[in-house]
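As you go down the protein sequences, you meet chains A and B in turn.
Residues in the first sequence are numbered from 1 upward in steps of one, following our numbering.
Residues in the second sequence are numbered from 1 upward in steps of one, following our numbering.
Careful: at least some of the hints might be erroneous.
Stated by the list, open to error - Simulated pairs of lysine to aspartate or glutamate, EDC-like, Cα-Cα distance not exceeding 20 Å:
| # | chain 1 | residue 1 | chain 2 | residue 2 |
| --- | --- | --- | --- | --- |
| 1 | B | K23 | B | E164 |
| 2 | B | K23 | B | E80 |
| 3 | B | K23 | A | E106 |
| 4 | B | K23 | A | D196 |
Claimed, not checked - Derived list of chain A stretches under chain B, where covered just means 3 residues or more per stretch with a C-beta under 8 Å from a C-beta of chain B:
| # | region |
| --- | --- |
| 5 | 7–18 |
| 6 | 161–171 |
Stated by the list, open to error - In silico negatives: residues of chain A with every beta carbon more than 12 Å from chain B:
| # | residue |
| --- | --- |
| 7 | A101 |
| 8 | R123 |
| 9 | H127 |
| 10 | A187 |
For the record, the hints were derived by calculation from the structure and aren't laboratory data.
Small disclaimer: the values here were computed from a predicted structure and weren't measured.
In this text, a Cβ means the ideal position worked out from N, Cα and C, and glycines have one as well.
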Amino acid sequence: MSLDAHAGECHLIVGPNGAGKSTLLRLLAGLARPTAGVVMIEGVPLGSDPDIRRHIGLLSHQSHLYGDLTAVENLAFTARLYGLPDPDLLARAGLDSVGLAGRGDEPVRRLSRGMVQRAAVARALLHRPRLLLLDEPLTGLDLDAGDRIAAVLRRELRQGVTVLMASHDVQESWDLASHVHLLSRGAWASSGPRGDLNAFLTRYQEVVRG
Amino acid sequence: MADFLRGAIAVAAKDIRVEQRSKTALVSAIAFAALVLVIFNFARDAAVTSREALAPSVLWITVTFSGVIGLNRSFALERENAALDGLLLAPVSRSALFLGKYLANLVFVFTIEAVALPLFVLFFAVDLHGALGGIVAAAVLATIGFVAIGTVFAAMTVRTRFAELMMPLLVLPFLIPPVMWAVQATSRLLAGRPMGEIGGWLLLLASYDLVFVAASLMLFPALMDE
Numbered sequence: 001m002s003l004d005a006h007a008g009e010c011h012l013i014v015g016p017n018g019a020g021k022s023t024l025l026r027l028l029a030g031l032a033r034p035t036a037g038v039v040m041i042e043g044v045p046l047g048s049d050p051d052i053r054r055h056i057g058l059l060s061h062q063s064h065l066y067g068d069l070t071a072v073e074n075l076a077f078t079a080r081l082y083g084l085p086d087p088d089l090l091a092r093a094g095l096d097s098v099g100l101a102g103r104g105d106e107p108v109r110r111l112s113r114g115m116v117q118r119a120a121v122a123r124a125l126l127h128r129p130r131l132l133l134l135d136e137p138l139t140g141l142d143l144d145a146g147d148r149i150a151a152v153l154r155r156e157l158r159q160g161v162t163v164l165m166a167s168h169d170v171q172e173s174w175d176l177a178s179h180v181h182l183l184s185r186g187a188w189a190s191s192g193p194r195g196d197l198n199a200f201l202t203r204y205q206e207v208v209r210g
Numbered sequence: 001m002a003d004f005l006r007g008a009i010a011v012a013a014k015d016i017r018v019e020q021r022s023k024t025a026l027v028s029a030i031a032f033a034a035l036v037l038v039i040f041n042f043a044r045d046a047a048v049t050s051r052e053a054l055a056p057s058v059l060w061i062t063v064t065f066s067g068v069i070g071l072n073r074s075f076a077l078e079r080e081n082a083a084l085d086g087l088l089l090a091p092v093s094r095s096a097l098f099l100g101k102y103l104a105n106l107v108f109v110f111t112i113e114a115v116a117l118p119l120f121v122l123f124f125a126v127d128l129h130g131a132l133g134g135i136v137a138a139a140v141l142a143t144i145g146f147v148a149i150g151t152v153f154a155a156m157t158v159r160t161r162f163a164e165l166m167m168p169l170l171v172l173p174f175l176i177p178p179v180m181w182a183v184q185a186t187s188r189l190l191a192g193r194p195m196g197e198i199g200g201w202l203l204l205l206a207s208y209d210l211v212f213v214a215a216s217l218m219l220f221p222a223l224m225d226e
């Protein structure tokens, strides 16, 4: 399996449940170890140097936030882990960028699902990663929350961030993608620049139904 | 080195803040310690067992089991919202993460001991005059090793289905030596023996600390990789 992704591109990885989308993202984030092969980010093998993780941001199914801490405390903690200056200031700016400026001092446990997801996006972007890995970032959100997150992702793409986004719902993420890859049983079933949605959906259904 | 310490301090400060906010584990552990002391106090047959004979064992049993409750929570809080993945994504060495967790757990267990010791004096009416320094030294040395090994096992079991059960089952056998040595030292001190007489037990505790803190620092990174 190989994937060539450049700055400012958004690669949508689509596949049915169990295709290996989340596993692929966990491998790329360094959270899982490959049984064979090497994951290389900008030519550097992942795991050889903790500093390479500085360039990677991950948004998974889970928010990676502590429910008992406020959104600001959560993001400030992330900033401290990454050695960023002015953690509290940076945390508030990060929350402001996703429209959560007014809710930063509330414990994450009290925020709605959409707000938690936006805080998680702010957390993933806080250290200005060059590679952003997103696992179902829009799933389960209402229209407003989905639109806000999509707007943030478009802004990051314009700034040259490379985005790899896994989803089993093609339509919700289609507009963001520059390239679309269909994953089935751990291998690419198709891969290339975004084309026609209907043609892709037909191919997707063929793969899902075997 | 600065990055290592920065990561460790950030993790420790975060853990302490989460506990300050929720107070779940600390309140549970202290309540548990008080209950154990009360039960031992009233369950003792005064005609058969004197307070002095039972007191050192009760103190260390209380501290050990209350401490295990706290150590269990150390990684349990990382399970919520897969926060552990967030830690592992950061450009911080796994050893620094261990050190941060370890420091927070030390604060936690020392807090339990600071509450349990006065309760112990109250329930068992022991005279700590002349023995307090030695008991504190034994407690500090026993806690350093106990918390190191407990932190490693808490990390090891965090991804298992029955982490709360598995962790004590795995860690308690490793705690037999330090608890035994701490009980020996405490017995002598409460019997009015001089500090010099417990030097050997304290040396054993210090050796245990050295071995298990070093082993924990080396083992922890491997435990964190899937």
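Going back to the hint list, which numbers does this structure go against?
The structure conflicts with hints 4, 5, 6, 8, 9, although it agrees with all the remaining ones.
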